[in-house]
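Please take these sequences and the hints and turn them into a complete structure.
There are 2 protein chains.
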Amino acid sequence: MAEILRAPKGLDGVAVADTTIAKSDADGTLTYRGYAIKDLFESSTFEESTYLILYGRLPTKGELEEFEAKLKRYSMVPHNVYELVKAIPNEAHQMDVLRTAVSGLGATEGGISSEEQELSIIAQMPTLVANCYRLNRGMEPAEPDPSLSLSANYLHMLTGKKPSDFEAWSFERMLILYLEHDLNASAFTVRVVASTLADIYSACTAGLAALKGPLHGGANEAAMQMLLKIGTAANARPYVQEALAKREKIMGFGHRVYKTVDPRSQLAKKLLRELLEKQGKGLETYKLCEAVESAVWESKRLPSNVDFYAAPIFMTLGIPIETFTPIFASSRIVGWVAHYNEQLMDNRIYRPDATYIGNKGLNYVPLDAR
Amino acid sequence: MAEILRAPKGLDGVAVADTTIAKSDADGTLTYRGYAIKDLFESSTFEESTYLILYGRLPTKGELEEFEAKLKRYSMVPHNVYELVKAIPNEAHQMDVLRTAVSGLGATEGGISSEEQELSIIAQMPTLVANCYRLNRGMEPAEPDPSLSLSANYLHMLTGKKPSDFEAWSFERMLILYLEHDLNASAFTVRVVASTLADIYSACTAGLAALKGPLHGGANEAAMQMLLKIGTAANARPYVQEALAKREKIMGFGHRVYKTVDPRSQLAKKLLRELLEKQGKGLETYKLCEAVESAVWESKRLPSNVDFYAAPIFMTLGIPIETFTPIFASSRIVGWVAHYNEQLMDNRIYRPDATYIGNKGLNYVPLDAR
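Note that the protein sequences, when read in sequence, are chains A and B. Position 24 of the first sequence, counted from 1, bears residue number 24 in the numbering used here, the numbering being contiguous throughout. Position 47 of the second sequence, counted from 1, bears residue number 47 in the numbering used here, the numbering being contiguous throughout.
Warning: the hint list may mix true and false statements.
A pair counts as met if it fits within one copy or between any two copies, since identical chains are not told apart.
Claimed, not checked - Pairs of lysine-lysine, DSSO-like flavour, derived with a Cα cap of 27 Å:
no., residue 1, residue 2
1, Lys61, Lys281
2, Lys360, Lys259
3, Lys72, Lys278
4, Lys270, Lys360
5, Lys38, Lys360
6, Lys287, Lys300
7, Lys61, Lys360
8, Lys270, Lys300
9, Lys269, Lys360
10, Lys61, Lys72
11, Lys86, Lys270
12, Lys70, Lys281
13, Lys61, Lys86
14, Lys259, Lys287
15, Lys86, Lys278
16, Lys246, Lys229
17, Lys287, Lys270
Derived from the structure by calculation, the hints contain no laboratory data.
Okay, structure coming up:
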């Protein structure tokens with residue numbers, strides 16, 4: 001009989017696959033396909049970074065133009081998916097709505113080719129996120145405006161207001177930071193589903209299911225709720241101390257990989273400051289965040305993670321809180337598609353073992369004799 | 001830095017959790033909570049075995065009656081979920097429709113308590129499977145008949161004909177065989193999603209996504225298509241030899257755990273024979289299956305698995321092929337709920353590592369300089 005290996009809980013520290021997509025390091029670095037996140041944050045676009053993650057290299061000008069045109073062409077969502085979303089009650093959680101919509105998209109677009117499916121699911125996500133929210137609030141669906149970039153369009157559909165160039169640029173920076181982060185719970189879920197040879201919609205629906213969990217994608221919304229509750233920088237230290245005394249989790253802090261600094265958090269922090277300065281409405285939100293960050297670091301030595309600064313940036317951009325996790329999903333789906341394809345390149349179905357510690361050899365007793 | 005362990009592909013032979021739910025062994029045994037599958041197959045009911053898997057022990061008479069009453073009470077599906085299903089195009093794959101319906105159910109029933117959610121998702125699955133098919137084929141949804149047992153009701157809704165006692169009993173046997181099978185890809189997917197603290201609907205939606213894959217739940221439908229193609233016992237050997245020569249997979253054979261015999265397949269084989277004898281329409285289907293089984297064993301030493309005999313049993317019962325995998329899902333969801341709860345009893349989020357083998361330290365080159 002083959003030896004059964006016992007893995008640490010949560011597969012912590014266990015490499016389950018080879019990857020060339022992204023690499024995060026405990027020292028606070030993150031690369032997509034070998035490029036530092038800082039460089040991509042400063043110089044790239046959402047479309048270009050998406051191309052990089054999907055195809056493993058930066059596009060030429062011609063390739064990028066063609067890719068952008070394809071994403072625009074695919075960004076419309078079939079009308080029946082909106083009908084489906086309308087059948088969901090208004091008080092529903094936006095991640096439940098989005099998961100159902102993506103699953104319904106899979107039931108609708110099963111006929112198109114695999115490569116079309118992969119690009120169209122990426123292109124349709126911004127339209128879906130904005131319109132799941134709009135329909136669920138009784139508004140008409142917004143239509144993508146082909147004259148705008150993907151991120152400007154997305155922000156426009158989310159807020160109903162045409163964003164300034166800097167606002168659109170800021171929003172795009174956050175989408176770039178959320179694109180991919182190796183084998184977290186949702187990307188791993190996508191790979192397990194891919195390993196059964198299920199289609200990309202099934203895999204992404206499962207990824208959305210995992211991302212809904214408060215220990216995973218739900219953190220940016222929870223961080224925003226916490227910041228709103230704390231209210232002012234002066235309140236930060238007492239709040240954090242009380243929460244820690246009650247053994248409550250401080251949302252937006254700590255990370256399985258990053259122990260001292262999450263590079264995405266640092267980039268987002270700087271961006272929040274710039275955004276507030278441009279808006280000229282004062283730096284209260286920034287000071288609040290910084291005060292919470294200091295208080296948590298002093299007490300627990302936990303660094304803020306990307307969700308902690310994403311939340312106030314989205315808020316400052318006028319985006320509804322309920323869509324924060326769906327927005328995370330709409331960017332991360334790019335990483336999921338890359339993981340899906342990487343899994344299939346060297347596939348074996350995930351079928352782990354469990355250590356059986358239950359009853360053995362029980363005799364069935366008929367109901368009347370129990 | 002902590003040592004990174006490298007797991008075999010597909011986590012083959014790696015125990016990722018403790019479990020007390022089920023135990024399958026290479027020697028061809030399977031137990032649910034310590035009871036042999038053969039005993040449960042011969043003497044138990046779907047409701048009783050479901051109770052056993054959920055709560056870890058056989059119910060008393062009073063407990064079982066209360067449990068059956070609850071399942072009946074919960075078996076109605078909210079009307080808006082049918083509206084949602086109607087928005088899906090008619091040619092859709094039934095697993096896509098069911099996955100979307102269960103996700104939509106989650107978006108609808110978020111307000112009820114967790115225990116209610118778990119029992120109602122189990123109770124609603126037969127209604128959903130039958131009515132996703134019916135609605136997708138332009139028929140009106142069927143309503144559960146409270147005077148019938150769960151399995152008789154289910155078969156009635158699937159075929160539109162009131163089943164004989166033996167037909168209902170046979171169908172129930174197959175539901176019992178499909179209830180649970182430790183950490184296969186779908187149960188593992190459910191546990192990964194549970195580990196993020198996502199709700200039971202998210203976890204089951206992800207389980208359905210995994211079960212759609214042709215390497216997993218899709219096998220019973222594929223086995224049926226293959227049997228229909230072979231047609232007669234005389235054709236079995238030439239078909240199998242030709243398929244193997246072309247390196248095609250023979251559907252319904254082989255199993256990661258069972259190397260010589262799948263105990264469920266043996267029980268189902270006997271049941272198929274009894275069912276055909278009762279119907280008095282001859283044993284052609286049985287002889288066809290047996291001939292394929294012999295041919296595959298001679299050439300490849302692969303045993304038939306549960307899907308291979310489930311397919312002709314469902315066919316003989318007059319069930320539409322498109323619902324075979326959804327039926328598997330409607331039973332297996334019981335195991336998923338048990339795994340969901342077991343995961344949460346000792347939870348750590350699944351966050352494995354990957355071995356990074358990609359590019360490092362690349363310099364970002366601006367678009368115009370590429």
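Evaluated hints:
no., hint, in the structure
1, Lys61 x Lys281, "neither (38 Å within a copy, 69 Å between copies)"
2, Lys360 x Lys259, "between (43 Å within a copy, 21 Å between copies)"
3, Lys72 x Lys278, "neither (29 Å within a copy, 60 Å between copies)"
4, Lys270 x Lys360, "between (59 Å within a copy, 26 Å between copies)"
5, Lys38 x Lys360, "between (56 Å within a copy, 14 Å between copies)"
6, Lys287 x Lys300, "within (20 Å within a copy, 69 Å between copies)"
7, Lys61 x Lys360, "between (65 Å within a copy, 23 Å between copies)"
8, Lys270 x Lys300, "within (23 Å within a copy, 63 Å between copies)"
9, Lys269 x Lys360, "between (56 Å within a copy, 26 Å between copies)"
10, Lys61 x Lys72, "within (17 Å within a copy, 62 Å between copies)"
11, Lys86 x Lys270, "neither (39 Å within a copy, 48 Å between copies)"
12, Lys70 x Lys281, "neither (39 Å within a copy, 57 Å between copies)"
13, Lys61 x Lys86, "neither (40 Å within a copy, 44 Å between copies)"
14, Lys259 x Lys287, "within (23 Å within a copy, 63 Å between copies)"
15, Lys86 x Lys278, "neither (38 Å within a copy, 48 Å between copies)"
16, Lys246 x Lys229, "within (16 Å within a copy, 65 Å between copies)"
17, Lys287 x Lys270, "within (12 Å within a copy, 73 Å between copies)"
Of the hints listed earlier, those the structure fails to meet are numbers 1, 3, 11, 12, 13, 15, in rising order.
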